[in-house]
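**Student:** On the provided structure of chain A, position chain B as indicated by the hints.
Protein sequences appear in the order of chains A and B. Under our numbering, the first residue of the first sequence carries the number 2, and numbering increases by one thereafter. Under our numbering, the first residue of the second sequence carries the number 2, and numbering increases by one thereafter.
None of these hints come from the bench; they were simulated from the model. Think of the CB as a built atom: it goes at the ideal place given N, C-alpha and C, for glycine as much as any other residue. Hints may be right or wrong, so weigh each one.
Subject to a maximum C-alpha distance of 27 Å in a straight line, what follows is the list of computed DSS-like cross-link-like pairs (lysine-lysine) [unchecked claim]:
no., chain 1, residue 1, chain 2, residue 2
1, B, Lys-429, B, Lys-300
2, A, Lys-133, B, Lys-124
3, B, Lys-359, B, Lys-124
4, B, Lys-57, A, Lys-117
5, A, Lys-133, B, Lys-102
In silico negatives: residues of chain A with every beta carbon more than 12 Å from chain B [said to hold, decoys possible]:
no., residue
6, Thr-390
7, Ala-396
8, Lys-399
9, Trp-433
10, Ser-462
11, Asn-492
12, Glu-507
13, Ile-562
There are 2 protein chains.
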Amino acid sequence: MLFWSIEVPYLCVPEIFLDANATTPVLPEISQIVQRLCCNQFGNPSSSHLAGMMPKQIIAEARNAAAQLFRVADGRFIFNSGATEGINTAVLSVLAPYAGKAQEDTVLLYGATEHKAVPEALKHWNQVLGVKAKLLEIPTATNGALNIEFIKAHASKALMLCTMGANNETGVVQDLAAIANAIGGKDKKVPWLVDSVQVLGKVALNLGELPIDYATFSAHKLYGPKGTGCLFIRHGAPYTPLQQGGGQEHGERGGTENVAGIAALARIFDWLIHPQNSPLHSMETLSAYREQLLNALKKLFPELVLNQPYPESLPTTINFSVPGFHSGQIIAMFDAAGIRVSAGSACSKGRPQSFVLKAMGLPSWQCEGAIRLSFGPASSAEFIQMAATRINAMADRKQASEQGRVSGLWIPEPFDVGFAAYADETEKTLYWVGDSEKVKAWLNARFPSNDWCYTNLAPGSYEFGSYQFNVDSAETFRVMHQGTKRTLTLNDKGVALSDSNHTRIETIGPDEVALGNHFLIDVREPLETCMQAAPNFSGEALISERADWCRLALELTNSEIGLPMVAICRSGGRSTTVAALIAALGGPTVLSCDGGVTDVVHLLAAKESVI
Amino acid sequence: MLFWSIEVPYLCVPEIFLDANATTPVLPEISQIVQRLCCNQFGNPSSSHLAGMMPKQIIAEARNAAAQLFRVADGRFIFNSGATEGINTAVLSVLAPYAGKAQEDTVLLYGATEHKAVPEALKHWNQVLGVKAKLLEIPTATNGALNIEFIKAHASKALMLCTMGANNETGVVQDLAAIANAIGGKDKKVPWLVDSVQVLGKVALNLGELPIDYATFSAHKLYGPKGTGCLFIRHGAPYTPLQQGGGQEHGERGGTENVAGIAALARIFDWLIHPQNSPLHSMETLSAYREQLLNALKKLFPELVLNQPYPESLPTTINFSVPGFHSGQIIAMFDAAGIRVSAGSACSKGRPQSFVLKAMGLPSWQCEGAIRLSFGPASSAEFIQMAATRINAMADRKQASEQGRVSGLWIPEPFDVGFAAYADETEKTLYWVGDSEKVKAWLNARFPSNDWCYTNLAPGSYEFGSYQFNVDSAETFRVMHQGTKRTLTLNDKGVALSDSNHTRIETIGPDEVALGNHFLIDVREPLETCMQAAPNFSGEALISERADWCRLALELTNSEIGLPMVAICRSGGRSTTVAALIAALGGPTVLSCDGGVTDVVHLLAAKESVI
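Next up, chain A with everything else stripped away, as it sits in the complex (with noise of 0.2 Å):
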């Protein structure tokens, strides 16, 4: 089956998406001009008859417009599929003609902070050519400036600079005029790429004043198509073509033009040149933006730290970590709450901290928790506004659930955290086993040091109401239930998984969950699981089993429920291995959503809703 035979609406609330130095909307207005030139001016542009007469003029008068309104006096722009692919055509078209001549006392000089399309295209061509070149990162300040004295140092013997103009993750605009006295001026020798994907629609970019030698874009960081993007080159820079085909953009990129990106793009170029005819808001306006949403968020995280010169970034972008919480968490709870955020780059997914902020030399906590929240210049008051209302609504949700439940046993994420505590409300007491350096920031978030008193538990074996603690040192520990007998053993690394917990574990497609046939038991964190806006089921049978997973798995009975358990979470991952755990430690048989809350809230409510 495919995708598109889903038709239910993918959210209960309305999506905010607040991730825009990600990707964005196509506006409505760009997005029937697509239309148009998918649907009815359709031509090739390089087709002799009236068809291909339109489509080529569109995109000659697009490349007016980038010439317009990038002041370019000496050079050219040539459409592509984005920024990636101009970077690649930009190094290739400089280390090409060093192809099988090592350099080997030369350098290929990068931001340290650069998006890694930068640093993996100079690696893969300085190997693909055997140039031999060294890779040599400049080094930023905390503010996440650029190290001018190291650029001036070190440009005589580069092949290449390549430096950006806005960072993607913290929003920090370099000064380009500075980098480009480093080098020279006008005079300078080095070939320069500048990274502009973020600096369109936010900081006015001359590439008539400056001596950039190319420089690359991406319409869909601007309320543009994906697959589409330029590149500048000025004249008497060298030039290789990334692919040569029937001859397109005056033989220097091949392949049928995507005309209906090109004039994306043109329109995008024209708001720009006329802003009081377009959709964009002025800095003004877009740093008022932020920071009402900047207010909010400390609503939500009183304790948040910034991870950026804030005044001095781009104003639609806020990059901040919160104490005893990993990105991870904050993009579920945000999730949940219908809110989209993003912990970093999108393309850095899956990496343990941001190397952005630990190039500017930021704490690894930071680094590890770090959360951008971004929006595009075109965002509404109004847009605003509800975003603003709903991170309010998420303070006060979160503020509820931590005066819940607290008496009990704690094993927060054991995966990254690695450690158990057993919270004792009327002694107002915490006895806690661990590694304590990585978990006092996550022990004030919840039981303030000046609220609770603090035990740590040497070797030895503690009761706590149902839980039995056997602490062999402070890095290996168990934890046993006393009514089920099952034990959990966790270490410094969190719960040790054995083989056996890799069972495989029976799945259920969102589809097949049926109403009145099964038990579903929510298995997300309980601060990710409280920002979900609530469904209203008249279904007894669905019920939302609000608790953390490691209890879960010590105490789950199922002598109560006369139905199959099914756990969900936001998108089948922690289900999968809940169940796994539960199953390894000897629980009832659980079921694994195969896919998120959502999918599932969703199509029960369009089944219920038909019913």
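**Tutor:** Using the frame of chain A, we list chain B on its own:
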């Protein structure tokens, strides 16, 4: 002013697009998918949050659909910007390991009738990487089939073999199984690329059975958007990414994925997997459609000659030539009638003759006059009927036009043909001078030798009507109008334009042409002009003077016209040439319209409807 400010419809009559091998419109069903993925489910597939999950899933399902459709057992697909990128990626993949290591005794084998992207990419990467292999064309028989013995003889020293599934100009389908056998079947050594752009939707491709290493596809050749495609790579075939970036496509193709384009491809694959649920027709139906169109063409050009092995070629492609016509003339005639056909590949525009037909050993006149008419597999019976009816109407108009003015001066398309004639209808005699080799076909098409008597003029001076012919030799001669005393000098290349003819001519935009203020002179060829669907104007100032341009240059005076004269043609090229020629010969000032008849007609129609 940017292009989209022109919102008038582009055509008087509905456009009939018969150039599907160049590109196709995006069908509404696919356009809806594109729109949804652009505007609603627009997330970046690399994002960790929920907005990234659906696009990621869409890409995974598209990949599965591709594998299912092409029966892939041991290979993978990467999505890219189209076949040209795919071809360049395959070529780079094969050649990168030889970078800097000259392979002078090896060859790069490719079919003589390949789309030129293939030899261009081979040449490019061979040079950039310093591989120094020899490019070697595989000859074809007159039916377009590759010489299998040649492949067999050269495969052992080939670094790479590139062939195509079906030819874009002639629709010739290659016998891939025979090629596979020639190179050793499953045990073959040479990496094999098959450009599969034109087979998609027309010929089944079984990548599980054939030992093809790389296969390239473009969505826009089968109702998908431009700028999207995919590349098949057999497991174990060499692979080097063409663009490295954020790790997308499992690290094999960096750059944010064009999700909308990929979803469009997935829908196309789904149509082909389940043809019963698709708008695509069977080969039988398409063959019948082709027959219907061919019959209409034969009425328009009874003397047409097919340039393809008709029964064995793609049932959606007709390639023909007409004695006495070069392709530009026929394209212009069809254009005027609102039908888009092409001369070979869109990418070969401006080339004097089709290299594909030349490689097949066809006579020069066929290569120079080739017309490709192609339709997409989703064409409806109504569409084909409408096209046939329109072509039949063209035949009627052509006949009527040819029965019109005959007596007088004839200097057809002198840049290419290079001869002059004077027809005397009373005597049924044609007096002509020029290159007898080149003109035979042209003469016969208009003045069949069984009706007319031909008299070739020996050096000397002759008077016919108001014209005087001064023949110096069979290669150089002059034609003078006795009233204006203007003289055209011709040689075997056509009109001998002196430098003075390149006078800068004043142009006027199509939007500046004003009813009542200008006298429009249509300078297209009479056969082209007669095909134009006549607009119905009430304004008296718009007068279409249907005359061939050499007569105009010799005869035109403005004595009786009180308005500035504006020459118009199909696109603005010829009108400038004619205005310059008139000026050079001492005729009156004629402005040139910087646009085409269609623009002017519709802009005027729009203005009139406002008044």
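**Student:** Can you give the numbers of the hints that this structure goes against, from lowest to highest?
**Tutor:** Of the numbered hints given earlier, the structure breaks none, since each of them holds.
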